[in-house]
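K.L.:
Start from the sequences and build out the full structure, keeping to the hints where you can.
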Amino acid sequence: MAYTWLRLMQLVVILLLSCAVTPAKSQTSLLRGKITDEHERPLSGVSLHLSPAQLATQSDENGSFLFTDLPQGTYTLTASSVGYVSQYLALVVHNTSKPLRIRLKPAVQALGNVVVQADQAGFRQREESLNLEVVDRAFLQRHRGGSLMQTLERLPGVKTIGIGSGQSKPLIRGLGFNRVVVVENGVKHEGQQWGADHGLEIDQFAAEQVDILKGAASFVYGSDAIGGAIAVQPAPVPAPHMAGGSVDLIGKSNSALYGTSANLFGRGQRWFAAARATYQSYGDYRVPTDRIFVYDYAVPLRKGQLRNTAGRETGLHLHTGYVGEQFRSVFYLSQVASRSGFFANAHGLEPRRVDTDLHDASPRDILLPRQQVTHRKLINRSQYQLPGTGHRLEAELGYQHNFRQEFSPYVNHGYMPPLYPRDLAIPAELEREFDKHVYSGNLRAALALGRHALVVGLNGERQNNTINGWSFLVPAFRQQTAGGFAYDKFQLNEHTLLHGAIRYDYTHLRTNSYTDWFPSATPTSAGDLSEKLVRAQGLDRSFNSLVWSVGINYNPGRFSLKGNVGKSFRVPIAKELAANGVNYHYFSYERGNPTLNPEQSYQLDVSLGWKQEKWSVQLSPFFNYFPNYIYLNPTAEHDYYYGAGNQVFEYAQSRVRRYGGEVQLRYQLLPSLSTELLGEYLRATQLSGAKRGFTLPFSPPASAVLNLTWAPRTGVGRPSESYVGVDYRLTSQQQSIVPPERKTPGYQVLTLQAGTNLRFGQQPLLLSLQVQNALNTRYLNHTSFYRLIGLPEAGRNVILSLKIPFTMTPTIHEKN
Amino acid sequence: MKIHLLYAAVAALTCVAGCSEDEKEVIDTEYPVIAVDAADAFPKQCSTLKRGQSFTFRASLSDNVRLGSVSVDVHHNFDHHTHSTEVIECNMEPVKRPVNPFLLIKSFPIPEGLQQYQTAFELAVPADVDPGDYHFLIRLTDQEGWQTVKGLSIKIE
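Note that the protein sequences, when read in sequence, are chains A and B.
Heads up: the first sequence begins at 7 in the working numbering, then just goes up one per residue.
Heads up: the second sequence begins at 73 in the working numbering, then just goes up one per residue.
Hints are computed from structural coordinates only; laboratory data are not their basis.
One thing to keep in mind: the hints can contain errors.
For the chain A half of the interface with chain B, some residues (derived, Cβ under 8 Å), not all of them [unchecked claim]:
no., residue
1, Arg-359
2, Pro-640
3, Pro-746
Just so you know, even glycine gets a beta-carbon here, dropped at the ideal spot from N, CA and C.
P.N.:
Structure below.
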């Protein structure tokens, strides 16, 4: 194996060198061909992608396709169609190129009737009874936000909750934090998902495709998928004997961000390797105001700069593996790290006055308070296709290490000593530290049994969490989970697919006890007693859950229907069970509840679609009921000790009803002009408990995006490469609030997008431009954590990104 | 048949959406109010407390429905770490290191079911604490959990 590796690396280096000296040619050529099945029958609707030119087309009813105006050079052609094994061809285009003949073999796992359909995302949407959105690299490039999750915010029903310009977590239909699972390379991402300041440690340049499952997906992903799941897919395995790469450059005006991401890949016959490095650096972001009020404390901002919100991010990825006909196994090694500041005036026990001269001296420095996070992953994904059958075995094994530190000047509160003791082993600026080690394993068997496609599987995970720092919020804990599921898809007839799933999970959680490092005065009948308080008692709890789901897909033609009803669950997290301390982002004192039960949810999802040549419409309502939703209830009490008189927020459970839905309308006005309307509505009501009649925190208000896109046609069979689009987002006011929220007025925001493919000789360049908040509108986002302190959203932001893809001549391989 | 089922489901959903509006309860979304502008209110912005003496904390608390609890937190501001919620700024002494700063954290229950409450809590300042700039933080909640904070800059002499 080491030898193969060496050869591969040698190949990559040689290819890189050869690429650099290849003279540029300016002549253009045609590439034509015909696609057939194994019986030489023409296949229509096969997707053909040509890289690095990033061109795509489809085969016509005779199976023929054509690319015109191609600069001469080396390309990779991918021919893919659902139900067939994708073909990759490395080829050299010159003016005497002969027509290609491509024969596609049917995929072994094809179910019953093979559905030939060009758009794979569409096919998957028709096969999935839950509401599914699939976005590809082009979407990610076009709508790129501060983080991957912010990029996804354009989708109806998807919002983010976060702090600042880079830290954000997804909110699917109003549910977020530990109610949405994020899966990367098949393994559940395990960060410190409970806090609003904890962004997801995912490099958005490394994402090729993102699947968003809206609705209760516990039966597939286990606990936490009660609100939905987001699966981030890596770049596909390169074609045999191909090498190449790309360089991305990005700049953003608002926070003066600059960044780059470069990747290289190479594949022999069966072994491949790919590497990526990403770096981004940004300054304090700017809001269209010079003064804000943090809970009535006036805070002046210099030139609208949000002091100390600068940051740096790095991402390193290495993928390598073996791709055989029956067996494939890929290792994914990655490290995503970031260092960023917290808005200095709003962190701590109370809104703070800060040394503005120090903070405003440079918009790029990262002073206290700040956070530093490193997330490392090693994942192996393997699958084995049983020869001659439709059965497949799949496995994922993963190790993750999340290491998070939050630094802040020492602030005594409660009975903490006024000056930091010199003899304390904890560094004086280390406010909090979380160290998480996670081992996970998934095993699945996908069985093709006549008209049944049955998947049975096991998931296991083991976590070890330790803490450090001079403040306390959540104790150290260990957690083990094990689950098993069976999921059957039954092809009832040509148009109807039925789904049924059942899953059982067991979770064991053990939290450590925690005792203060300083004594507090406890009043007793014999006067004040000075003792170190036990803030968290050790806790040992086990949870069991049995969940199920049934669904239907009915696709008779232009009309499509989905329906799903199911039960989902979520095991309470350590913070909900055992928190006992100040949340410095909230100015609140949070108290866990060790008696919480696993949260349960019953959800009904429906989706109705109609697709015509020129227009399509999709309506996706849902209804959801929680008999015991876990929420952080702001009480009337104040904490006398450690909380320094802060208001006590206590975890409680209540009955909750939620309903809402999304609507998507698309209309092709002219061959080159299209319009789109995406709308969403959500309503949540607590039906019992202390906040009966109130909504849930961070309930997104109704909103709609109206888009108009002009994309000129550049030739027969070639989709346009250039586009100009405008997104007009209308958000209604949010009057339904729960303490400590405030009502948020409605707003309208304009975003512009434009992009094109340029060519310098043989070298394609993909250029895209985005102007977010084009009119520099001052507005408040109800689901932003900073809404609580009245902080408006970022002002105008011009984002320019450039992608330079390249491939290298495969003929060099022979010389090697 | 399947279509009928679907229509039934959608109809049920619409009903749930529609029906919910009828049972809508009146929700309290108003914050409680802390007033220290009465003539006898104490302390006020820039007031002075004397070491070794007691004082009476007098403020007028009110809520549209029911008051919850009030908490007082007196802590030093020798490092000028924060400012008050008030418009008027007070004169500050130079930054200094705390030796034995005065610290008082006290929560006071408010009798159940009140809309108005006049505090009259006797608080003592020990004789041996550091003099200088302090903060007098009043936090008031109502029964629903809405909280109002008032931060006053005071001095201890």
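K.L.:
Indicate, hint by hint, whether the structure satisfies it.
P.N.:
Structure-based check of all given hints:
1. Because the beta carbon of Arg-359 (chain A) sits about 5 Å from the nearest beta carbon in chain B, less than 8 Å, this interface hint is met.
2. Taken as an interface hint, Pro-640 (chain A) checks out: its beta carbon lies about 3 Å from the nearest beta carbon of chain B, inside 8 Å.
3. Because the beta carbon of Pro-746 (chain A) sits about 6 Å from the nearest beta carbon in chain B, less than 8 Å, this interface hint is met.
Taken one by one, the earlier hints all hold for this structure without exception.
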